[in-house]
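Number of protein chains: 2
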Amino acid sequence: MSQSRLALLGFGNVGRALVRLLKRKEAELKEKYEINFTVTGIATRRHGFAISPNGLDIEKALALVESGQSLYEISKYPLTDSLDFVHSVPADVLIEITPVNLQNGEPAISHLQTALDRNMHAITANKGAIVHAYRELSELAQAKGRKFYFESTVMDGAPIFSLFRSALPATQLNSLRGILNSTTNLILGRMEDGESFEDAVKYCQQIGLAETDPSIDVDGWDAAIKVATLVTVLMGLPLTPQEVDRTGVRSITPKMVAEAKERGKRWKLVCTAERDGNTVKSRVAPELVSPSSPLYSVEGSSSIVEFHTDTLSSLSIVEGNPGPETTAYGLLADFINAIRDQ
Amino acid sequence: MSQSRLALLGFGNVGRALVRLLKRKEAELKEKYEINFTVTGIATRRHGFAISPNGLDIEKALALVESGQSLYEISKYPLTDSLDFVHSVPADVLIEITPVNLQNGEPAISHLQTALDRNMHAITANKGAIVHAYRELSELAQAKGRKFYFESTVMDGAPIFSLFRSALPATQLNSLRGILNSTTNLILGRMEDGESFEDAVKYCQQIGLAETDPSIDVDGWDAAIKVATLVTVLMGLPLTPQEVDRTGVRSITPKMVAEAKERGKRWKLVCTAERDGNTVKSRVAPELVSPSSPLYSVEGSSSIVEFHTDTLSSLSIVEGNPGPETTAYGLLADFINAIRDQ
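The listed protein sequences correspond, in order, to chains B and F.
Letter 167 of the first sequence, counting from 1, is numbered 159 in our numbering, and no numbers are missing.
Letter 268 of the second sequence, counting from 1, is numbered 260 in our numbering, and no numbers are missing.
Wrong hints could be hidden among the right ones.
If chains are identical, the list can't say which one is meant, so a pair holds when it fits in one copy or spans any two.
[To be verified] Computed cross-link-like contacts, SDA-like style, restricted to lysine to any residue with a CA-CA straight-line distance of at most 25 Å: (1) Lys136 with Arg332; (2) Lys22 with Glu187; (3) Lys253 with Thr239; (4) Lys15 with Gly228; (5) Lys253 with Ser282; (6) Lys247 with Asp302; (7) Lys24 with Ser167; (8) Lys15 with His300; (9) Lys24 with Glu266; (10) Lys136 with Glu26; (11) Lys68 with Ala250; (12) Lys247 with Glu187; (13) Lys136 with Thr90; (14) Lys24 with Gln334; (15) Lys136 with Met248; (16) Lys22 with Arg127; (17) Lys15 with Met227.
Since the hints were derived computationally from the structure, they do not count as laboratory data.
Using the sequences and the accompanying hints, generate a full structural model.
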């Protein structure tokens, strides 16, 4: 039986869904994977920090945060700096779920570096850390004999990186094509139903899918950083979102959407990347797709990626109806795999 | 560096594609996976058997069989019984690629049992062995400390079993839905283009997709044994193809196909299975699907399976344009994984 102390950096929808999932799977983790866990630290943006070497009362932590109260109730931890938290939390695994920084990946990179330096496994849902420091963090993890996993960075909890790591040995990825941004896919779908772009954006903001500034989604930045993440890791070719040829969906008018619908087609924000020797051509742009394409049926916040490799001509992964629980599952899978792969 | 001696039982299109793939990936296996291999035995139905403890000349074996000659040229091995071959071949891994026996899974089960008894890893593309002896063979493999892998039994080389084994820990499969039989999917597609059922069957026979007796495909037996294989392994609920509620495609007339096409729909032979406590409801039957379904765009010999689990609401795997090389890759992946998982 392995004993794992978990530290959660981020306790929003995903972090709280992870804690619930951990509770639900607690017996299975013990019986099937011989993993016993405690949560020894939780760091939040708005509800303070909590640390306890013997394990926090996570039910109480959930209740406090969900009723808008501070974690100070369950642990009188004085610090408010996230990096100090990683430096001092007594843990074996850091789960890093802070917001993405497109420009330089900080402070996520420092969080993960510090965790690995302290001999923790480093698990993150943060794409910024991958596109700006994949090689450094991977090398550090290897040197420390710890795992650096990040399944939830792309397509929520759908297994993409673990698929290539474990289920597709001796395979070279040559190209990929997919729909990777939920918000724009939902916006385009609602425009097909006659809604204006502005109202569709508002709807996505209301349900918590889009931020107050929706440009990260509608200008293709989120899709671009996902392409960059996939290319960096799966093709082994470092790529930043800034290097992706990027066009968002602002140019797609209701008239274009209606015309496409009449012709039985759909506008989709399509991501592509193609290896060309040691370089890669990558693009995010709206495309018209027809029913004969696997991209056509990908509705709402669902996503798809089609891989072309040197061993399987075409392999696609489709994730339907994701939510915070799905992202949380990717983190749980990373945690279990970090323990059993170590 | 691990030294692996491979024995191939079956040297048709898939077996020969595997040998070519092994040659192509030889350097990568050494460098990345520290696997050195020799092929010490090949058993064929029509071209004799060959065994050599120091490794056969596989280029020559390919040339001989592809020019219709006997393997007797490269190894004067007197036996012609496949079980004797498994009993006597000096090997660490058996690759079992014999034809499927729907009724009782033999002789594949005996081949795999004997291989495991002799401390070999047992790898097969044979669904019959799974639906009739999954538990026994798994337990034997575990007792012997060897691996029993069978990725190529369903959806050619697409990672399905390895996905659940390694990339989806702590996940319960609740239901599945898919298109798993290439021949009927291609037949229905050709009927959409105006071909008769009979001519479409003939075409599938010409390209080597359907057998002389096409009933295994058109009556839904192949789809049923694939459903039974998935349920047996991934749900842990033993199921035989005989227990699957099965309807083939013979009742689908050209008129029905044309009418569906006019309405923008398609007939597909759809496989479903749903867990119901400790039992399962499973079915193979033609269904009308619309463009909003991910099954709609699955054309020709491609296939899809959509999984519903307790952790990911919906995860689909789509394999496009499979062929003997794809099935061969599934066997290669099993071989690599057997060595690195042991």
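Indices of hints not satisfied (ascending) = 2, 6, 11 and 15
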